[in-house]
Amino acid sequence: MYFVVAGAGEVGFHLSQALLEAGHEVTVIEADRRRASFVQEKLGSIVLNAAADEGRAQMEAGCSRADAVIAVTGDDAKNLVICQLAKHKCRTPRVIARVNNPKNEIVFKTLGIDETVSSTRVLMGVIEQELPSGGFMPLMPLAGSANEVIEAEIASGTPPAGKTIGSLRLPTGALVGVVVRRGKLLHPDEDTKLEVGDRVIVFSATASESEVRKALFG
Amino acid sequence: MNVVIVGCGRVGGFLAGLLDSEGHHVSVVDIAAISPARAERAWFQHLPSSFKGEPILGDGTDLEVLRQAGIEQADAVLALTEGDNRNLMTAQIAKKIFGVKRVIAKVNDPVRAQMYRQMGIDTLSRTSILGTLLFAMLMEDREVGEVLVRKALAHEEEIAHEPVKVR
Numbered sequence: 000m001y002f003v004v005a006g007a008g009e010v011g012f013h014l015s016q017a018l019l020e021a022g023h024e025v026t027v028i029e030a031d032r033r034r035a036s037f038v039q040e041k042l043g044s045i046v047l048n049a050a051a052d053e054g055r056a057q058m059e060a061g062c063s064r065a066d067a068v069i070a071v072t073g074d075d076a077k078n079l080v081i082c083q084l085a086k087h088k089c090r091t092p093r094v095i096a097r098v099n100n101p102k103n104e105i106v107f108k109t110l111g112i113d114e115t116v117s118s119t120r121v122l123m124g125v126i127e128q129e130l131p132s133g134g135f136m137p138l139m140p141l142a143g144s145a146n147e148v149i150e151a152e153i154a155s156g157t158p159p160a161g162k163t164i165g166s167l168r169l170p171t172g173a174l175v176g177v178v179v180r181r182g183k184l185l186h187p188d189e190d191t192k193l194e195v196g197d198r199v200i201v202f203s204a205t206a207s208e209s210e211v212r213k214a215l216f217g
Numbered sequence: 000m001n002v003v004i005v006g007c008g009r010v011g012g013f014l015a016g017l018l019d020s021e022g023h024h025v026s027v028v029d030i031a032a033i034s035p036a037r038a039e040r041a042w043f044q045h046l047p048s049s050f051k052g053e054p055i056l057g058d059g060t061d062l063e064v065l066r067q068a069g070i071e072q073a074d075a076v077l078a079l080t081e082g083d084n085r086n087l088m089t090a091q092i093a094k095k096i097f098g099v100k101r102v103i104a105k106v107n108d109p110v111r112a113q114m115y116r117q118m119g120i121d122t123l124s125r126t127s128i129l130g131t132l133l134f135a136m137l138m139e140d141r142e143v144g145e146v147l148v149r150k151a152l153a154h155e156e157e158i159a160h161e162p163v164k165v166r
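So the protein lines, in turn, are chains W and D. Quick note on numbering: the first sequence equals residues 0 to 217 in numbering that gives the first Met the number 0. Quick note on numbering: the second sequence equals residues 0 to 166 in numbering that gives the first Met the number 0.
Because the hints were derived from the structure by calculation, they are not lab data. Accuracy of the hints is not assured; some may be wrong.
[Unchecked claim] Calculated lysine to any residue pairs in the SDA-like style (CA-CA distance at most 20 Å, straight line):
| no. | chain 1 | residue 1 | chain 2 | residue 2 |
| --- | --- | --- | --- | --- |
| 1 | W | 102 | D | 63 |
| 2 | W | 102 | D | 67 |
| 3 | D | 94 | W | 87 |
| 4 | W | 88 | D | 116 |
| 5 | W | 88 | D | 110 |
| 6 | D | 95 | W | 111 |
| 7 | W | 192 | W | 216 |
| 8 | W | 86 | D | 118 |
| 9 | W | 102 | D | 56 |
| 10 | W | 102 | D | 61 |
| 11 | W | 102 | D | 97 |
| 12 | W | 88 | D | 119 |
| 13 | D | 94 | D | 58 |
| 14 | W | 102 | D | 66 |
| 15 | W | 86 | W | 0 |
| 16 | W | 108 | D | 95 |
| 17 | W | 88 | D | 113 |
| 18 | D | 94 | W | 111 |
| 19 | D | 100 | W | 110 |
| 20 | D | 51 | D | 20 |
| 21 | W | 213 | W | 169 |
| 22 | D | 94 | W | 113 |
| 23 | D | 51 | D | 74 |
| 24 | W | 108 | D | 62 |
| 25 | D | 94 | W | 105 |
| 26 | W | 162 | W | 210 |
| 27 | D | 95 | W | 114 |
| 28 | D | 95 | W | 104 |
| 29 | W | 108 | D | 119 |
| 30 | W | 86 | D | 116 |
| 31 | W | 102 | D | 58 |
| 32 | W | 102 | D | 96 |
| 33 | D | 95 | W | 110 |
| 34 | W | 86 | D | 114 |
| 35 | W | 213 | W | 194 |
| 36 | W | 192 | W | 155 |
Isolated chain W (complex conformation):
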């Protein structure tokens, strides 16, 4: 397929690269001369140094034979106009706009741009999915090693509720450092029984994060 990517910032550059690697034909339009030549050096002569919100540049880029035009600049108004130009002037069958301000998704739809991508929205979706109501939060990596600190709340009906720490199926090397119970710090040992509502601070290899999650949430 043939794609025209408008804007060669971080998003446009990596998107173009990925599309090329997937075997598609790509032209990327970039107004900044320096950025355009940088991208040209990295990806080859697929760059058109022009303003993507001008009809002439879109014609030159072959938007009228493109399967899709994807507007990914950091300016929502510009992305809107690029898509509308492509749709009405070049009759591109498919236009996709990046929306920086998530509030603009609904505006774009009302103005005839059906396909929008909001990185804010996508990230929020991922975060919400990764944070179950019980609360499992990788707090921070431990500098200079591949380990991290995790905080988790013991929820009712999970494997550790009412069980001792010794019986948890934590991955090798992982360690419950502290239990916070009703606001007080508890130094746990093998025989400490966990209660619903306890918050445990776990030290673990970053790579075993999902096993720690499994041990605590089943």
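For this one, chain W is given, so just place chain D on it according to the hints.
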């Protein structure tokens, strides 16, 4: 008339002053382009000191800001920022989301101006208007711009003699 003007540069400020002096209710929306510390004085510097309407600080493509400017009661919306794309976005929001009857966008690129006019958005391109006027003047074709130029000069006269508030 209730009028919302987005973009308080020279054109926006000029028009806001004209409408205001004729007794219309005008809200002017502009975004803080410079540092807030110095901003208060500079934001609406192109408004005449006699301006009685409402200056509103915010993004003219943001629905909330436009509501605050009274777009729901507006008889006309004019998008006059320096960005063609922003003007086109504001104009379309005014027309398609808020159903404002009279909407005009300033679009410097004549190609975009023509395309959006076909899509039902009134556009004015200073490029083609000023270019056409200048061409007519050089060709001594008085018919084209005589009334326009006479009126513009009269407004310039008024502005030049406007009292300035001393701090």
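Violating hint indices (sorted, rising): Hint check: nothing fails, all pass.
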